[in-house]
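Here is how the chains run, residue by residue.
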Amino acid sequence: EAGVTQFPSHSVIEKGQTVTLRCDPISGHDNLYWYRRVMGKEIKFLLHFVKESKQDESGMPNNRFLAERTGGTYSTLKVQPAELEDSGVYFCASSQDTGSTDGYTFGSGTRLTVV
Amino acid sequence: SQKIEQNSEALNIQEGKTATLTCNYTNYSPAYLQWYRQDPGRGPVFLLLIRENEKEKRKERLKVTFDTTLKQSLFHITASQPADSATYLCALDVRYGQNFVFGPGTRLSVLP
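These protein sequences, in sequence, are chains H and U.
What the first sequence shows, in this note's numbering, is residues 2 to 116, in sequence order.
What the second sequence shows, in this note's numbering, is residues 302 to 413, in sequence order.
No lab work stands behind these hints, which were simulated from the structure alone.
There's no promise every hint is true.
[Claimed, not checked] Taking lysine-lysine pairs in the BS3-like style, the calculated list, with each CA pair at most 27 Å apart, reads:
id: 1; chain 1: U; residue 1: Lys318; chain 2: H; residue 2: Lys45
id: 2; chain 1: U; residue 1: Lys360; chain 2: U; residue 2: Lys372
id: 3; chain 1: H; residue 1: Lys42; chain 2: U; residue 2: Lys372
[Stated by the list, open to error] Label-pair ranges, simulated between beta-carbon atoms:
id: 4; chain 1: H; residue 1: Gln18; chain 2: U; residue 2: Pro413; range: 23 to 33 Å
id: 5; chain 1: U; residue 1: Asp340; chain 2: H; residue 2: Gly60; range: 43 to 53 Å
id: 6; chain 1: U; residue 1: Tyr329; chain 2: H; residue 2: Ser54; range: 38 to 48 Å
id: 7; chain 1: H; residue 1: Ser54; chain 2: U; residue 2: Glu316; range: 46 to 56 Å
id: 8; chain 1: H; residue 1: Pro9; chain 2: U; residue 2: Tyr329; range: 44 to 54 Å
id: 9; chain 1: H; residue 1: Asn63; chain 2: U; residue 2: Glu316; range: 43 to 53 Å
id: 10; chain 1: H; residue 1: Gln18; chain 2: U; residue 2: Asn328; range: 31 to 41 Å
id: 11; chain 1: H; residue 1: Met40; chain 2: U; residue 2: Thr323; range: 21 to 31 Å
id: 12; chain 1: H; residue 1: Glu58; chain 2: U; residue 2: Thr319; range: 16 to 26 Å
id: 13; chain 1: H; residue 1: Gln18; chain 2: U; residue 2: His377; range: 22 to 32 Å
For glycine and all other residues, C-beta sits at the position ideal for the given N, C-alpha and C.
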């Protein structure tokens, strides 16, 4: 079984540019989560999809961040325009059921650097 | 205010000993608590989940306890090996899988 795949693994962009991160969850996993870790801080929740619907987007920092999951398969997270404080590692995770006792499967993350 | 603390930023132990990591939380009422392992450049890897009504969970050399009165979870690795060296994260699931909160992590080094 393929794991959670994130693309790109690294991205360096200039302040003001747009970046789109992609996440391919495990096939059949309805739940998809985005998290991020900024330098020196804990991993923080951004949002949660169930299939194509946003279940909880309370962690999204501001309206420069837009997440989509069209068709309930892969998801994209777009940052437009990017700011310096957006630098960090963005993780995607998926699970079959909400509250799964099997835990959540994380991707390896996308390291975003805004210069 | 709400807070999650893990006992120390780094912990060094000798191979073969038991490593004990602590996760304390304040002003949360988690439905369950998870432990993850993270290696450099990788995402967290799920290890164990324990529910609020469970006292202890085991998996191979791993054991987790959960005391909702003390608001604390202990994570034990018995017969530790250098391959166990990693950062260990606790995560409180506070909305039944819709949102969970991570601690800062403890970096464990098992010395040969």
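To see whether the hints hold, each was checked on the structure:
A hinted pair counts as satisfied when its Cα atoms are at most 27 Å apart, and lysine 318 of chain U with lysine 45 of chain H does not qualify at roughly 32 Å. Straight-line distance between C-alpha atoms of lysine 360 of chain U and lysine 372 of chain U comes to about 22 Å, which keeps the hinted pair within the 27 Å bound. Only pairs whose Cα atoms come within 27 Å are accepted, and lysine 42 of chain H paired with lysine 372 of chain U is accepted, the gap being roughly 22 Å. Between glutamine 18 of chain H and proline 413 of chain U the beta carbon distance is about 46 Å. The supplied range of 23 to 33 Å is therefore violated.
With their beta carbons about 24 Å apart, aspartate 340 of chain U and glycine 60 of chain H fall outside the hinted range of 43 to 53 Å. Roughly 26 Å separates the CB atoms of tyrosine 329 of chain U and serine 54 of chain H, a value that falls outside the hinted 38 to 48 Å. At about 48 Å, the CB distance of serine 54 of chain H to glutamate 316 of chain U agrees with the hint of 46 to 56 Å. For proline 9 of chain H and tyrosine 329 of chain U, the Cβ-Cβ distance of about 34 Å falls outside the hinted range of 44 to 54 Å, so the restraint is violated.
With their beta carbons about 47 Å apart, asparagine 63 of chain H and glutamate 316 of chain U fall inside the hinted range of 43 to 53 Å. For glutamine 18 of chain H paired with asparagine 328 of chain U, a C-beta distance near 39 Å keeps the hint of 31 to 41 Å intact. A hinted range of 21 to 31 Å for the beta carbons of methionine 40 of chain H and threonine 323 of chain U is consistent with their spacing of about 25 Å. Between glutamate 58 of chain H and threonine 319 of chain U the Cβ separation comes to about 41 Å, which falls outside the hinted range of 16 to 26 Å.
Separated by about 47 Å at the C-beta atoms, glutamine 18 of chain H and histidine 377 of chain U break the suggested range of 22 to 32 Å.
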